[in-house]
Amino acid sequence: MTTATDSPRVPTDSLGNPITVPDSDDILVVEASDGSRWELVCGLEVHAELATVTKMFSGAPNNFGDDPNTNVDPVTLGLPGTLPVVNQRAVELAIRFGCAVGAEVRRSVFSRKNYFYPDMPKNFQISQFDLPIVVAGELELPDGHVVGIERAHLEEDTGKSTHVGGAGRITGAVHSLVDHNRAGVPLLEIVSRPHVRSAEQARQYVAELRAILVACGISDGKMEEGSMRVDANISVRPEGSDDLNSRCEIKNVNSLRSLGRAIEYEAKRQADLHATGGKVVQETRHWDETDGRTHTMRSKEDADDYRYFPEPDLVPVDPDPAWVAEIAASLPMLPAARRARLADLTGEPGTAEAVVAIVDRGQDDQAVGAIQAGAEPRRVLVHIAQNLAGEGGAELPADRLAELVAMEVSGDLTATQAKQVLAELVADPSLTAAAVAKAKGFEAMDTGALEVAIDEIIAANPTEWEQFRTGDPKVRGKLTGFFVGKVMKATKGQADGKAATALLNQKATA
Amino acid sequence: MSTAESAIDIAAAIRAGGRSAVEVTEAHLARITEHEPTIHAFNEVTAESALAAAAEIDRAIAAGEPVGPLAGVPIAVKDNLCTKGIATTCSSKMLEGWIPPYDATVVQRLAAAGAITVGKTNLDEFAMGSSTETSAFGVTRNPVDHTRVPGGSSGGSAAAVAAQFAPLALGTDTGGSIRQPAAFCGVVGVKPTYGLVSRYGLIAYASSLDQVGPLANTVADAALLLEAIAGHDAADATSIPQEAPRLVEHLDDGVAGLRVGIITELMGDGIDPDIIAQVRAAAEALAAAGATVEEVSVPAVSHGLSAYYLIGPAEASSNLARFDGVRFGLRVDAPTTNEMMVATRTAGFGDEVKRRIMLGTYALSAGYYDAFYGKAQKVRTLICRDFATAYERFDVLLSPTTPTTAFEIGSIADPLTMYLNDTCTTATNMAGDCAISVPFGTDAAGLPIGVQVLAPALGEATMFRAAVALEAAAPALAQGEPDHR
Chain A
1 MTTATDSPRV
11 PTDSLGNPIT
21 VPDSDDILVV
31 EASDGSRWEL
41 VCGLEVHAEL
51 ATVTKMFSGA
61 PNNFGDDPNT
71 NVDPVTLGLP
81 GTLPVVNQRA
91 VELAIRFGCA
101 VGAEVRRSVF
111 SRKNYFYPDM
121 PKNFQISQFD
131 LPIVVAGELE
141 LPDGHVVGIE
151 RAHLEEDTGK
161 STHVGGAGRI
171 TGAVHSLVDH
181 NRAGVPLLEI
191 VSRPHVRSAE
201 QARQYVAELR
211 AILVACGISD
221 GKMEEGSMRV
231 DANISVRPEG
241 SDDLNSRCEI
251 KNVNSLRSLG
261 RAIEYEAKRQ
271 ADLHATGGKV
281 VQETRHWDET
291 DGRTHTMRSK
301 EDADDYRYFP
311 EPDLVPVDPD
321 PAWVAEIAAS
331 LPMLPAARRA
341 RLADLTGEPG
351 TAEAVVAIVD
361 RGQDDQAVGA
371 IQAGAEPRRV
381 LVHIAQNLAG
391 EGGAELPADR
401 LAELVAMEVS
411 GDLTATQAKQ
421 VLAELVADPS
431 LTAAAVAKAK
441 GFEAMDTGAL
451 EVAIDEIIAA
461 NPTEWEQFRT
471 GDPKVRGKLT
481 GFFVGKVMKA
491 TKGQADGKAA
501 TALLNQKATA
Chain B
1 MSTAESAIDI
11 AAAIRAGGRS
21 AVEVTEAHLA
31 RITEHEPTIH
41 AFNEVTAESA
51 LAAAAEIDRA
61 IAAGEPVGPL
71 AGVPIAVKDN
81 LCTKGIATTC
91 SSKMLEGWIP
101 PYDATVVQRL
111 AAAGAITVGK
121 TNLDEFAMGS
131 STETSAFGVT
141 RNPVDHTRVP
151 GGSSGGSAAA
161 VAAQFAPLAL
171 GTDTGGSIRQ
181 PAAFCGVVGV
191 KPTYGLVSRY
201 GLIAYASSLD
211 QVGPLANTVA
221 DAALLLEAIA
231 GHDAADATSI
241 PQEAPRLVEH
251 LDDGVAGLRV
261 GIITELMGDG
271 IDPDIIAQVR
281 AAAEALAAAG
291 ATVEEVSVPA
301 VSHGLSAYYL
311 IGPAEASSNL
321 ARFDGVRFGL
331 RVDAPTTNEM
341 MVATRTAGFG
351 DEVKRRIMLG
361 TYALSAGYYD
371 AFYGKAQKVR
381 TLICRDFATA
391 YERFDVLLSP
401 TTPTTAFEIG
411 SIADPLTMYL
421 NDTCTTATNM
431 AGDCAISVPF
441 GTDAAGLPIG
451 VQVLAPALGE
461 ATMFRAAVAL
471 EAAAPALAQG
481 EPDHR
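So the sequence lines, in the order shown, correspond to chains A and B.
Residue numbers for the first sequence follow our numbering, so the first one is 1 and each next one is one higher.
Residue numbers for the second sequence follow our numbering, so the first one is 1 and each next one is one higher.
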């Protein structure tokens, strides 16, 4: 328990561990107004709403988007005499997360965080303070940088206030409306170590965290619905130094894009302040999306004294190691491993856009299946990344996709035709690629038929042909599109563009 | 019929068909009508719903349907236990007229057992007090002597039993709030083991100390009631996951060989000599019945009171934060939300509640936590340890319940002096153990004295056996209607 008299010589985190800041190939360095250079030190706090059926401490439904104050019960409303009971599923999901990031899962104690606010029914929040359930994990970003996870703890969400009148804040409001549907929704607060060194790493960290949460069924990870909320703790120090300067906590960062912008703005603001002899004071700042700046919310001096003490209505949560082991064993393959698997099979880097997108959408099993069924890996990546990118990721049995790719590779289908066949197969997976191709009349043209068509087009466009035949590669390149377009039109798309180009070039040099 | 009959006898007669529940209820309601204006044990008498419930019991019995162990027995329920559809006020302006949408678990269990709730009893506001004088709705008078307090905070419940308004009552005990009023009013009061009885629906004062328990005219009735309300409740995470203990069937097992320790620290300074004498007499009675009796030192007991007055208020400061005018209870309108909350809490809470909220807020504050709340928790650990050591050698411990007998209404103005009432009782709550107060003799003025039997957690069966032995040996009280003194 910290007190006003605590003054540790070595800076420590909330659990008393020394604070370390790792080096990285990718460190954001900002130049202050006087030309001095400052590097970023950043830690992220992510609140993830857990994908439970009911709330953290009661049987009221945990469901987003319902009519206000319908997902409530006496416990949610903090009615006199009510008591909390821990949602075991929420504990299980927290343990899942701990296992997914290689953390220690330990005996934890709920505490009360006391402060008055009208959307907090009991005027205290039940949270874990000095004894969180998950400690000391780490998360490797796609670029290989490792971000330590200090802790993850369970807590309950507050209700949602709407302040009417004034500036939309409680001060000056004519009246306030409170929706308690969100009150008591289980949250996992995931606190990183200050190991994030650039805006890009911050985005990657949140994206990777989200991917893990979604893959493990811990949270739906929807930032737009507030299922995932990010606060950034930001400080800067002279480039190359080991100092730890005062940090500011930036709230209201609601998208990956704003996260990057907010970090860059705040780093620059602090660098300028340091450079001009000012002092960065520890405070909470609000990111304003419209003006692209951060603004003071409350300084440390104004901060509430939360008077944390152990929640006497609950007993410690001490997970049985056998249960933890069982949960660890039941984890699905994690995004990093899935990217590596797909990268291995396709020869693409794990950071390739198509690989990241396919794993992110959970379509990698499909890709792996098709490749294992013999399909050409890169064409599989293209089809899934581009042609099956629909909401949630359309599904196609591996052998169907493999058959389609095989027809494409053999020249039986052009890329354009393959795309059309694919759409039909997704709509009706009982069909085969060959059947669809036949039904659509996508018979492969033999070279003779293609030649006849090209000869007719050459005869009809003598001027262009002369230019093509005598022109430099630049001119010929331009006119290739013209002739291939005519060929496609004449053959109703059945011609293979590559074959037509080859034949045109052959004729021009003959 | 006589309202002096025990719950066990009433229940037996009703089950046997010799008497109707309506008749029993009417008799008790008639007695309430006659004496309640003087005693003021109740915040609300629920005559109508009581008669309806009694009629339902009679119908069930006539139809040959099974009924519970308390079928047709009137009971008074402390007004900090939530009753669906019936106002639950904690004797505070903050909750005046507040009607809960749900029943406390103990209230559900009473209904399942067939008990008839005749009313909600007065208490010190939010159970903070030792005299029922901090009630926002007026003081309750001690039926033994109307110029005196009934004790508190369960003063209304103790008075209701002593005045024969009901043979049973539910109280709550955070630092002595069942046992002290039981002692003052000459009735039996039990603080069960922490976690034995569900707290769901008990409006919290101090969550780690609060426990619901019975008040009754006899030890056996108290045991019967405790059996009916005890046992695991999934809605209370601190509820012990086991079934209610069997108490009544072991009441007459005797005390032969029982090892009894008299707590030395509670037999000296600050305790009325008449009370000490009765505790010694009680010990002799147990010895005569075959128990072995020795004195034992439980050193940390001496620090129980000061630690209690930090931990209790600390938890209370947080528990009572929800009374802000936003969702329920009193709201005093003001221009802004913050001002509304301040105005509501200023108007809604009485002085003693405010005092404890401030004390507790301070004890938890940054920079003071270690010195106050943290230290009090260490003392609590010591109390547990010292009791555990004592219980290695003794089955039960014996002490006075209170340092004095019932005092006159209005005679104690100083809060610290008032807090001394809890000298002998808080340690049990701190340890999470159980204890019972049994009437045993009177002081020179003829006021009842309570002897306290303490037992380790879940030691209720042994504790009740000792209590029955004491009850059997207790000096006969002056006969006559208790409220006609």
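Just so you know, the hints here were simulated from the structure itself, not pulled from any lab data.
Glycine included, every Cβ here is placed at the ideal spot set by N, Cα and C.
There could be a bad hint or two in this list.
Unchecked claim - The calculated PhoX-like cross-link candidates involving lysine-lysine, where the alpha carbons are at most 25 Å apart (straight line), are:
no. : chain 1 : residue 1 : chain 2 : residue 2
1   : A       : K486      : A       : K498
2   : A       : K113      : B       : K378
3   : B       : K354      : A       : K113
Claimed, not checked - Quick list of the computed label-pair ranges, beta carbon to beta carbon:
no. : chain 1 : residue 1 : chain 2 : residue 2 : range
4   : B       : A62       : A       : T162      : 41 to 47 Å
5   : B       : T346      : A       : Y115      : 44 to 50 Å
6   : A       : D130      : B       : G290      : 46 to 52 Å
7   : A       : V164      : B       : V342      : 20 to 26 Å
8   : A       : L15       : B       : T264      : 54 to 60 Å
9   : A       : G65       : B       : P335      : 29 to 35 Å
10  : A       : G59       : B       : P335      : 36 to 42 Å
11  : A       : E104      : B       : S411      : 31 to 37 Å
12  : B       : S49       : A       : D67       : 30 to 36 Å
13  : B       : N338      : A       : P18       : 37 to 43 Å
14  : A       : I27       : B       : T346      : 52 to 58 Å
Unchecked claim - Stretch by stretch, here's where chain B covers chain A in the computed footprint (C-beta under 8 Å, at least three residues):
no. : segment
15  : 72-84
16  : 279-288
These are the hints, each one checked on the structure:
1. For the proposed pair K486(A) and K498(A), the alpha carbon gap of about 14 Å is at most 25 Å, so the pair holds.
2. As the CA atoms of K113(A) and K378(B) are separated by approximately 21 Å, the hinted pair is consistent with the 25 Å bound.
3. Pair hint K354(B) plus K113(A) holds up; C-alpha atoms about 20 Å apart against a cutoff of 25 Å.
4. Between A62(B) and T162(A) the beta carbon distance is about 57 Å. The supplied range of 41 to 47 Å is therefore violated.
5. For T346(B) and Y115(A), the Cβ-Cβ distance of about 19 Å falls outside the hinted range of 44 to 50 Å, so the restraint is violated.
6. Between D130(A) and G290(B), the C-beta spacing of about 51 Å keeps the proposed range 46 to 52 Å intact.
7. Restraint check, V164(A) to V342(B): a C-beta distance of roughly 21 Å satisfies the suggested window 20 to 26 Å.
8. Checking the proposed 54 to 60 Å range against L15(A) and T264(B) shows it is violated: the Cβ atoms sit about 44 Å from each other.
9. A C-beta distance of roughly 34 Å is found between G65(A) and P335(B), which places it inside the suggested range of 29 to 35 Å.
10. Checked against the hint of 36 to 42 Å, the C-beta distance between G59(A) and P335(B) comes to roughly 38 Å, which is consistent with it.
11. The hinted range of 31 to 37 Å is not satisfied by E104(A) and S411(B), whose Cβ atoms lie roughly 59 Å apart.
12. A C-beta distance of roughly 34 Å is found between S49(B) and D67(A), which places it inside the suggested range of 30 to 36 Å.
13. At about 40 Å, the beta-carbon gap between N338(B) and P18(A) stays in the expected band of 37 to 43 Å.
14. In this structure the supplied range 52 to 58 Å holds for I27(A) paired with T346(B), their Cβ-Cβ distance being about 54 Å.
15. For the segment 72-84 of chain A, the assignment as covered by chain B holds, since 9 residues bring a beta-carbon within under 8 Å of that chain's beta-carbons and 3 suffice.
16. Three residues within the 8 Å Cβ limit are the bar, and the segment 279-288 of chain A against chain B gives 0, so the coverage statement is violated.
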